[in-house]
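A.B. asks: For this one, chain A is given, so just place chain B on it according to the hints.
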Amino acid sequence: MKIFIKIIKVVFTILLFAFSIVILYFIALAPKERRFKIAEHSQGLYFSQSMFDILKLQNPDYSDVYFEQSVAFNKRGEYAKGFELLDKAVELDPKLHLGYRGWMKLRKLRDFDNALNDFNTLDSLTPKFVDAPWGEDIDFLRGECYFGKKDYPKAIELFNRNIKNQKEDWADIYSFVYLGLCEYELGNYEKAISEFQRALKQTENVPESYFGIAKAYLKLGQIEKAKENILKAENNIHYKRDDVYNEFLNEIYSFEIMEFKQKLNKK
Amino acid sequence: MKNKLNILLLSSFVLALTLAVWVYYQTTHRIGDIAFDENIDNSEFIVCNEDRITQYYSVETYYQGGEKTIKNELNKLINNLSFNESGFITFRFIVNCENSVGRFRVKMVNSDLKENSFKSNNIKQIQESIKRLKGWQAGKWKDESLDSYYVLNFKIENGKIVDIF
Numbered sequence: 001m002k003i004f005i006k007i008i009k010v011v012f013t014i015l016l017f018a019f020s021i022v023i024l025y026f027i028a029l030a031p032k033e034r035r036f037k038i039a040e041h042s043q044g045l046y047f048s049q050s051m052f053d054i055l056k057l058q059n060p061d062y063s064d065v066y067f068e069q070s071v072a073f074n075k076r077g078e079y080a081k082g083f084e085l086l087d088k089a090v091e092l093d094p095k096l097h098l099g100y101r102g103w104m105k106l107r108k109l110r111d112f113d114n115a116l117n118d119f120n121t122l123d124s125l126t127p128k129f130v131d132a133p134w135g136e137d138i139d140f141l142r143g144e145c146y147f148g149k150k151d152y153p154k155a156i157e158l159f160n161r162n163i164k165n166q167k168e169d170w171a172d173i174y175s176f177v178y179l180g181l182c183e184y185e186l187g188n189y190e191k192a193i194s195e196f197q198r199a200l201k202q203t204e205n206v207p208e209s210y211f212g213i214a215k216a217y218l219k220l221g222q223i224e225k226a227k228e229n230i231l232k233a234e235n236n237i238h239y240k241r242d243d244v245y246n247e248f249l250n251e252i253y254s255f256e257i258m259e260f261k262q263k264l265n266k267k
Numbered sequence: 001m002k003n004k005l006n007i008l009l010l011s012s013f014v015l016a017l018t019l020a021v022w023v024y025y026q027t028t029h030r031i032g033d034i035a036f037d038e039n040i041d042n043s044e045f046i047v048c049n050e051d052r053i054t055q056y057y058s059v060e061t062y063y064q065g066g067e068k069t070i071k072n073e074l075n076k077l078i079n080n081l082s083f084n085e086s087g088f089i090t091f092r093f094i095v096n097c098e099n100s101v102g103r104f105r106v107k108m109v110n111s112d113l114k115e116n117s118f119k120s121n122n123i124k125q126i127q128e129s130i131k132r133l134k135g136w137q138a139g140k141w142k143d144e145s146l147d148s149y150y151v152l153n154f155k156i157e158n159g160k161i162v163d164i165f
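As you go down the protein sequences, you meet chains A and B in turn.
Here UniProt numbering is used: the first residue of the first sequence is 1, the next is one more, and so on.
Here UniProt numbering is used: the first residue of the second sequence is 1, the next is one more, and so on.
Please note: incorrect hints may appear among the correct ones.
[Said to hold, decoys possible] If you want a taste of the chain A side facing chain B, the calculated C-beta under 10 Å gives, among others:
| hint | residue |
| --- | --- |
| 1 | Leu-24 |
| 2 | Ser-48 |
| 3 | Gln-49 |
| 4 | Gly-82 |
| 5 | Phe-83 |
| 6 | Asp-113 |
| 7 | His-238 |
| 8 | Tyr-239 |
| 9 | Asp-242 |
| 10 | Tyr-245 |
| 11 | Ser-254 |
Hints are computed from structural coordinates only; laboratory data are not their basis.
Glycine is no exception: its CB is placed at the ideal position from the N, C-alpha and C atoms.
Isolated chain A, as found in the complex:
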């Protein structure tokens, strides 16, 4: 019986130590790329943050860790902490992280000037190369910054440069929508219509274009054409540009279309 209890004790001791060793291995000893993946996939959990903290301690120059650790903070509106981490990532590897930081400043904070600074710095570091921060053409993003700053001529220049980079048939359709919006703001209503129509050449399902065209026709006094287009905007609203994280600068809503439609019907 004594031997049996002793065996049980030995087995439990081994199993408990093995459990601890496995945990410690995954937390502090496994290859850093593997631990990075685990932390990345458990984004937001304290566990993920602790993994990143250990990785930073062991690899103070591992820029991706600072970048990835920042994501959960910025998504939750804790920008002081999020951007402190992101700044460190940029300091360690500017070419790799400047674009994302600029993208975050534009899309998360509408901090147009600082976003532009990041995009321009990145551009200067990569001559003769068209950067794509977070997968979007750098000139499209710079165009959005100028649109946000209400500097419409400069926005037009950048959106056109983006279309030239990507070629007419491959450019983001919202380049044309933004061009239309800029021309509209500048009072060039016919030009605005032709820019909105460029988006519709790629696909007929662009409610932003129909809405913009309707507004421009109203300005030109062509009420029937305005009505025709606002109806198309209404019918295509489910194709609108939106994002689960943040409202876009050019985002449109059903209520705006309905209000505009009522305004038109009174004419």
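C.D. replies: Using the frame of chain A, we list chain B on its own:
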């Protein structure tokens, strides 16, 4: 020998237990979680499931008409409030499964995105205004309404609120 084995068994147990408790705590708590605080939170605001408060982007929590509508509805506040400096005021709160809001927390940064603080009276007024908004729509998962955290940013420039998103 017997003693040594007992000490080893006890040590392995304490170590494993400590690690298990640590891992459990670390994997059940998230950044930005807001626990009820009787000193600042309204006890009448209740969540439907304290153990399952998700993020707004995971369940598509939204405000009817979007932030554009919030901007319109808070127009008076936007025009009346003035600030001494520029930056961002960020409110994080819960939209519960019944479309009500509560448990507000606020973070503030200056234009260099460093921690900052704005006039507390202004913060209070903005918070009260958010509470009065009626168009919150709880996030859903498979037709079930869920509690979720929402984030609303106020951009301050030249002493005024210039944007809400």
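A.B. asks: So which hints don't hold here, by number, going up?
C.D. replies: The structure breaks hints 7 and 8; every other hint is satisfied.
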